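Visitor: Here is how the chains run, residue by residue.
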Amino acid sequence: MPLRPRLLPQRGEPMTMTSFFRKKRLHLTLLISLLLAAYAAAALILNFNSLSFLYLHLGIDWLAVNFIPNSQSLQYWGNILEALVRTLLVAVASTSVAGVFALGLALLGAQPTGPNAALRWLIRGFASVLRNIPIVGWALLLLFSFKQNDFTGFLALFFLSLGFLTRAFMETIEAIDVEKIQALQVTGANYWQVVAQAVLPEILTPVLSWLLYMIENNIRDATLVGLLTGTGIGFVFDLYYKSLRYGPAGLVVLAIIMLVIAVETVSSLIERRIGMIAD
Amino acid sequence: MLQVRHLSKIYTGKQPSLDDVSFTAQPGAVTAIIGPSGAGKTTLLRSLNQLITDDAGEILLENIDLRQLKRRDLMKQRTKIGMIFQNYNLIEPLTALENVLHGSLARKSTLAGVLSLYSRQEKGEAMALLADVGLQEFAYHYAGDLSGGQKQRVGIARALMQHPTMMLCDEPIASLDPRSTVIVMDILRRLADAQDMTILINLHQVDIAKDYADHIIGLNSGRVVFDGPVAEATAAAMAAIYAAPAQAAAAAG
Chain A
2 MPLRPRLLPQ RGEPMTMTSF FRKKRLHLTL LISLLLAAYA AAALILNFNS LSFLYLHLGI
62 DWLAVNFIPN SQSLQYWGNI LEALVRTLLV AVASTSVAGV FALGLALLGA QPTGPNAALR
122 WLIRGFASVL RNIPIVGWAL LLLFSFKQND FTGFLALFFL SLGFLTRAFM ETIEAIDVEK
182 IQALQVTGAN YWQVVAQAVL PEILTPVLSW LLYMIENNIR DATLVGLLTG TGIGFVFDLY
242 YKSLRYGPAG LVVLAIIMLV IAVETVSSLI ERRIGMIAD
Chain B
-13 MLQVRHLSKI YTGKQPSLDD VSFTAQPGAV TAIIGPSGAG KTTLLRSLNQ LITDDAGEIL
47 LENIDLRQLK RRDLMKQRTK IGMIFQNYNL IEPLTALENV LHGSLARKST LAGVLSLYSR
107 QEKGEAMALL ADVGLQEFAY HYAGDLSGGQ KQRVGIARAL MQHPTMMLCD EPIASLDPRS
167 TVIVMDILRR LADAQDMTIL INLHQVDIAK DYADHIIGLN SGRVVFDGPV AEATAAAMAA
227 IYAAPAQAAA AAG
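Protein chains in written order, with this note's numbering: chain A, 2 to 280; chain B, -13 to 239.
If we strip away everything but chain B, and leave its shape as in the complex, we get (with noise of 0.2 angstroms):
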């Protein structure tokens, strides 16, 4: 389980700021982040398992508060959290059995890791990964030449590879076609539903969130003005998560 508590962020030119952010996600549930661009979704996704740095308050996953952590304590937390990119992050040039395999590598030593010299198991484990995502004809195929959809199905089975618990994903499906995003949600849907995983993805088609949510966030310059299952994100709810800022404020009091 996720817990947020009073987490601020003061604006620093370059990432929108939050403003005292509370919630919670549950295992086994898809938590959609969804409001208007710059309202500080990314932010705060990249917060959560501190690739931003942030100024105040608490973000406890599983009671450990990952900002109180030392770096190595931090890197060790930070398996447990996949993450999944918009621009899929795949290192090209490599295959995408080998992609799926860097999300084993804080498991293994310095050397083991820098000469790529994965176990056994660690391969066929990869491998049934590929599986999984529908891709295990295209393990040898090197990751520039897979179309989006398939890179972001390689993302995930990158991060699975890290055993996690938690995945934020931010904004995967933004660069792609409809087929590719039903394929892509239905993974991550898949995860909350078989593996108890805590699913966390920011979004800005409210219909998808609709559709593949049990629970939304709704923020607005850095602020969450809605916090509530699926059922009660009526068309009113979604208007002032999406209105101008001035009337976001005075909605959430």
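So that you can see chain A by itself, here it is in the shape it has in the complex (with noise of 0.2 angstroms):
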């Protein structure tokens, strides 16, 4: 029988070039329609009109004159800082304390360091839970406990961070390649001292990249919570809205976007370092 190389699995009636194509483009063709027919149902429910794209203009328009900060807005400033670094030290506080206890629960849950199989499924699940909880769901839980106050924030980047970071370090201890880990085994070393001095250097600069990434991230997170439990940038942001101080909310809109830069722009300053340091 000759070779014949088999690119789709073929059913019925042999596949040629014609009706190869023919079926590729039905296909695309099912697709976009599916899509359209989904926009227009839901255009339909929400009575959204599609020509509202046209009037886009004139939204931009009025935040361009309403929000942009004046010379008056500027005597808002000290009070904006002050709740953009409390803001901030609730982003760091709560990744580095995650950081902390996700390291421990990888060792624990990651194949080559863990104990047994049973606590790798625990600790796998139990960082899947608290990772697919969205931020707002946190914040909206912890609320009824914890009241608006800062800690109820720190509290909802803590556990979303620490789900997070705890499936991050897993897979990245679980990346190395087990030889490193038996090279040392052999030598007598024992469980301990492997980790301390295999398995940490060996992760050092991933953890390091996936923390600051997650500093970053719960940085932008911190300001959406603060609108719910009434602390930090995202509380100044609504008080000022809220009370037609547009002014000053632009104010606060350009400091979070400056800080952003600026935590975005040090944590790449600090990975091209580790980078020279780990080539």
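Misleading hints may appear alongside valid ones.
A partial selection of chain A residues facing chain B, derived with a Cβ cut-off under 7 angstroms [stated by the list, open to error]:
| # | residue |
| --- | --- |
| 1 | GLU180 |
| 2 | ALA199 |
| 3 | PRO202 |
Hint data in this document are derived by calculation from the structure and do not stem from the laboratory. Quantities reported herein were computed from a predicted structural model and do not represent experimental measurements. Beta carbons: idealized from backbone N, C-alpha and C, even for Gly.
The task is to assemble the complex, starting from two chains supplied on their own in separate frames and drawing on the hints.
Guide: Laid out in structure tokens, this is it:
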């Protein structure tokens, strides 16, 4: 029997060049029609007029006129800066505390360093649950017990970060070549020595990258959490906005953007520095 | 001296089997284990320090059966066995010096090992070992920055830091260029001659085995099909070692 390459599973009549491309076109047409139908249905239910797109510029004009901070807005700068610093601190604190706990959990849960498979699945599941509850869900949930203060925001960010970092660290540990770990085990080194001398140095660079990423992410989230918990920069924005002080509210947005850019710049500087050491 | 008697391992799907393997490796001699891919060379070497557990037999290192030891005692015996690998398995974000010092971890307390609290004497010894393998000026280089041959020499220094009586070398030159191959093999030869160590090397280059080994063990399909001094390793013997499994089984009788 002659060998024929089978590119696609063949059913019924054999595939020809014409039928192959006809089938692909059909699939693509179906997919696009489906998306358009979904959009039309959603617009109908929400009473959303597709022509609104034509008036988008009116909204932007309004933003430009009202939200541009003026010299009067600057008198709020002190308040804004204080709230910004609080938000930054909450983000950094929640990430660092979560990082310490996540490293412990990841060592217990990762395949090369953990004691058994049962614990591995338990930790994996626990981390997934923490991670899959969105930040707004955490904040609302914690508001019941901890009321409106910085600690509620800290906890919300902590739980989400713990889930995220535990999974990330576990995967990082599991990516180490097992032979490197074995190479130290066969020298007669014990568990803790192998963890400290092989596992930790191997994961240091990715762990630091994950922590920096998490801090950046938590600063963004902290703004949103602040709206709900009545703290930090989110609260300040809410206050100015609802009291129609649009100029200062615009200044808050500007301050947040500046902070995010600053943190990103710093963390990419740090990462480059680590990268130079690692390579 | 290493005596292996009737060592067997049943095929598990990952590692090739070992079928009633017996041989003796003498101190001061280089013993090369050769054979086709999948013959069980790596399985055998890793069984010798119980990195892979086997199913039956005896592994006597200075008359202690490693297979009968409890975990703690095995860890103590393992310090006498240095091991080097085809992929070096260094901790690449650490320096050459730190990697060599890892060889002394077993002698240290857990805490001192965890915190890298090495004594002045240990650091001096590690530096001297790096000098022995010609890498003194690379002591503070990250292991990841070194060439393959340099990494393997750091691997040897790390193993020597354990004060071993035996070295297990799993395809140590398979990833190296010819020049580095000579450097690494010269070092291993010197360890047998000058320090009376038992050297076991998995090789797939027959010519290197003939140049450097005193004794050759031919493995095929998990069975010892040749066991003799290098002088007896004739072309016919080599052909038998590398024969198709069925022929080899017939030759081994």
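Visitor: Could you run down the list of hints and mark each one as holding or not?
Guide: Right, here's what the structure says about each hint:
{"no.": "1", "hint": "GLU180", "in the structure": "5 angstroms, holds"}
{"no.": "2", "hint": "ALA199", "in the structure": "5 angstroms, holds"}
{"no.": "3", "hint": "PRO202", "in the structure": "5 angstroms, holds"}
Taken one by one, the earlier hints all hold for this structure without exception.
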